[in-house]
Amino acid sequence: MSFKQLLSDRWSKLQSWGSFIDTSRMMLPISIQQWSKRLVSNFKHFQSNYLFVFIILCIYCILTSPLLLLVLAAISAGGYILTLKNAERPLKLFGKKLNLGQQYLALGICSLPLLYLVGAGAVVFWVI
Numbered sequence: 001m002s003f004k005q006l007l008s009d010r011w012s013k014l015q016s017w018g019s020f021i022d023t024s025r026m027m028l029p030i031s032i033q034q035w036s037k038r039l040v041s042n043f044k045h046f047q048s049n050y051l052f053v054f055i056i057l058c059i060y061c062i063l064t065s066p067l068l069l070l071v072l073a074a075i076s077a078g079g080y081i082l083t084l085k086n087a088e089r090p091l092k093l094f095g096k097k098l099n100l101g102q103q104y105l106a107l108g109i110c111s112l113p114l115l116y117l118v119g120a121g122a123v124v125f126w127v128i
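First residue of the sequence shown: 1, per the numbering used here; consecutive thereafter.
Rather than coming from a laboratory, the hints here were simulated on the basis of the structure. There's no promise every hint is true.
FRET-style restraints, in silico, Cβ to Cβ [unchecked claim]:
#1 Leu14 - Tyr60: 41 to 51 angstroms
#2 His45 - Leu84: 41 to 51 angstroms
#3 Trp35 - Val127: 22 to 32 angstroms
#4 Leu28 - Asn86: 30 to 40 angstroms
Here a beta-carbon is modelled for each residue, glycine too, at the ideal position from N, C-alpha and C.
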């Protein structure tokens, strides 16, 4: 399934925002079983709405944190450069060839301190 198909599928399953935020239908469940059943059915019914809210919050966090935006752009550029360079010839480190997956792993490990410094962990916990 392509990204375009996935997006149109999610868009078609989007429930009305009025029913999504209708506080008159919100009541405390009587038991734990009812609570878990309601949670699962609510998530299934409003899954696309929750995904939309999650994406909007992620975009908001990235745009309001310029350093995070800069680091994510640098990591993306690094991945793009690795892809281009790997197409020309594989990277050798200490005489051993590294495949593209290993190069991405190294990029990810090297980017962790930068992500920590710009507060990406706080953004993740804020969005969740």
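Taking the Cβ atom of His45 and the Cβ atom of Leu84, is their distance within the range 41 to 51 angstroms? Given about 44 angstroms between the Cβ atoms, the range holds.
Is the gap between the beta carbons of Leu14 and Tyr60 within 41 to 51 angstroms? violated, 19 angstroms
Range hint compliance [Cβ, Leu28 to Asn86, 30 to 40 angstroms]: violated, 55 angstroms
The hint says 22 to 32 angstroms between Trp35 and Val127; measuring C-beta to C-beta, is that right? Given about 24 angstroms between the Cβ atoms, the range holds.
Of the numbered hints listed earlier, those contradicted by the structure are 1 and 4.
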